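Sequence lines, in order, name chains A and B.
According to our numbering, the first sequence is numbered sequentially starting from 1.
According to our numbering, the second sequence is numbered sequentially starting from 1001.
Simulated from the structure, these hints should not be mistaken for laboratory data.
For clarity, every value in this text was computed on a predicted model and none was experimentally measured.
Mixed in with the good hints, there may be bad ones.
[As the list claims (entries may be wrong)] Calculated Cβ distances over 12 Å to all of chain A for the following chain B residues:
# : residue
1 : Asp1051
2 : Glu1127
3 : Ser1293
[To be verified] Computed far set for chain A versus chain B, every beta-carbon distance over 10 Å:
# : residue
4 : Glu72
5 : Asp126
6 : Pro241
7 : Tyr300
[To be verified] Just the calculated beta-carbon pair ranges, DEER-fashion:
#  : chain 1 : residue 1 : chain 2 : residue 2 : range
8  : A       : Gly206    : B       : Ala1058   : 31 to 41 Å
9  : A       : Ala298    : B       : Phe1091   : 39 to 49 Å
10 : A       : His167    : B       : Arg1315   : 34 to 44 Å
11 : A       : Pro128    : B       : Gly1206   : 30 to 40 Å
12 : B       : Ala1058   : A       : Gly225    : 39 to 49 Å
13 : B       : Ala1086   : A       : Pro241    : 26 to 36 Å
No residue lacks a Cβ here, since even glycine has one placed at the ideal position from N, Cα and C.
There are 2 protein chains.
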Amino acid sequence: MRMLKETFSVPRADMASAEAFASVGNVGIGFDILGHCVAGAGDRADVRRIDEPVVRIASIDGVVLDLPLRAEDNTAGAALISLRRALDLPFGFELTLHKGIALGSGMGGSAASCVAALVAANELLDEPLSREALYPYALDGEAVASGSRHGDNLGPMLLGGLVLSTHDRLVRIPVPAEWHCALVHPHYVLETRRARAALAGSYELGNFVAQSANLALVLAGCYRGEAALVREGLSDVLVEPRRAPLIPGFAQVKQAALDHGAMGASISGAGPSVFGWFEDAGSAERASLAMASAFADAGYASDRLVAPVDGPAARVG
Amino acid sequence: MRMLKETFSVPRADMASAEAFASVGNVGIGFDILGHCVAGAGDRADVRRIDEPVVRIASIDGVVLDLPLRAEDNTAGAALISLRRALDLPFGFELTLHKGIALGSGMGGSAASCVAALVAANELLDEPLSREALYPYALDGEAVASGSRHGDNLGPMLLGGLVLSTHDRLVRIPVPAEWHCALVHPHYVLETRRARAALAGSYELGNFVAQSANLALVLAGCYRGEAALVREGLSDVLVEPRRAPLIPGFAQVKQAALDHGAMGASISGAGPSVFGWFEDAGSAERASLAMASAFADAGYASDRLVAPVDGPAARVG
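So that you can see chain A by itself, here it is in the shape it has in the complex (with noise of 0.2 Å):
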């Protein structure tokens, strides 16, 4: 038996690569703990095995070039160095990222670089780990990028579809396959950092019970596929009215995509990009073209995707 396995064995490959998709994090109501992919965009890592026992990025290209080459200052470098450090391993990674995410851009563009790199990295490990036993190490790597250790992006990259990402936990939640996400991303730079000032200050605690009532609506729709929970639910009270401010026509682009039958529509992570959630792919077409039409109104070029709301994990190859 053992000659047999060893017959069949293939030989570890020294490379591997992997793409993660958009997301869209918070989904309005849920901050920092909910989020979803979208298929059309997405980072992409080439990661080799090294005998040095290293993490080091050789190349960025793509849509963002100006990201830190210092493996400890680049998200996905700091999720390989953690992922090497728990797991105590004798090799190192050398590390190529292809950006298809604009960085600041709420698309979860620093997300997916860490979760293409940590996926293309497990590939490598004499014994895989999970998509979920991956998550710490991402997490790790996203504090590097945002200051913040939330997982609302990581989570979908990771499983794929919506998923509920706490601190330590994933867990996917069911969405009918025919509902679709429109996703607008204007050409307008809002970094993160600046995006979180803006939630600065203290909450009224009637302002937390109605957001909680809209996310529990919203999960109970995706658990009981109806559409008429969500369309009551998906509506940000907490977070929204604070970054509205920082993006340029928010008020005519959300308008545009509940005027084309959106379930609701808000901001995507930090923004500037919006989205708005809808029943079926047509509707989600022909509303991204008025959200864009919106954001060129007020002095904006912008990239649309329309994509199931039950997107694609990161994958191999």
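Could you slot chain B onto chain A? The hints should help.
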């Protein structure tokens, strides 16, 4: 056919009775929006349809005697007034209340009176309403008692089980049949208004994020029937810290529940009753004794209820 129908039609009774059971409001992580019924204690209402277009309270007996007899000032009376007004009824109601739930106990006593009265009166309508349709009138009644329009006790009493109650919607959440609640009521009155006053002031966003994550974990755990998720989420980090000092022995009572296998334990409604959720009836029964013992150590006798989390709706008869 018409004759046949008339032959078999039963004259509508001019009197009906209903019972609404105690409930655990808030359930720790769903302040003002989540609750579930607990069989074993309840308020009963006898309602008589009268020709005069008024609502009057004939008498109140049971465990609470010092309640307003003026209909406008009584929670159940106000609910019936609201119902009469909305439906523009040409007749009135005479109400007799039998209180089985102590006021100021955190077990939904005012809500139970409201719901029992409405469910009984509904039987006397020429075209009875659905339970959901009674909800707005119940909210009107509850507002008289608590000064706040919240339905976390009303929803479960109307529908049964664990219910999400927003301003205008009730959603029943599935709960495994074997999960049990231990609800322990110390003989100590904590007025709802005083418990609400403890919540004044502002809140940190971080606490809200943690509480939202807990709420989402509990909801996902209920939908999936996974106790591990509820065990992780059933912890109130927002409201409990402010109210716990108002309840003698709270920390010890909660610890007793956790020591006996509670998935989580917190304050029922506005307190001082304390509840725990358990995976089976035996654990809940044993825990309830330990919880009562801890209240005794703090100087208070108590009553115990042990019943399924998926408790019964108010019933006619």
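A quick look at each hint next to the structure:
no. : hint                             : result
1   : Asp1051                          : 41 Å, holds
2   : Glu1127                          : 25 Å, holds
3   : Ser1293                          : 33 Å, holds
4   : Glu72                            : 26 Å, holds
5   : Asp126                           : 29 Å, holds
6   : Pro241                           : 13 Å, holds
7   : Tyr300                           : 28 Å, holds
8   : Gly206/A x Ala1058/B: 31 to 41 Å : 38 Å, holds
9   : Ala298/A x Phe1091/B: 39 to 49 Å : 59 Å, violated
10  : His167/A x Arg1315/B: 34 to 44 Å : 43 Å, holds
11  : Pro128/A x Gly1206/B: 30 to 40 Å : 34 Å, holds
12  : Ala1058/B x Gly225/A: 39 to 49 Å : 48 Å, holds
13  : Ala1086/B x Pro241/A: 26 to 36 Å : 33 Å, holds
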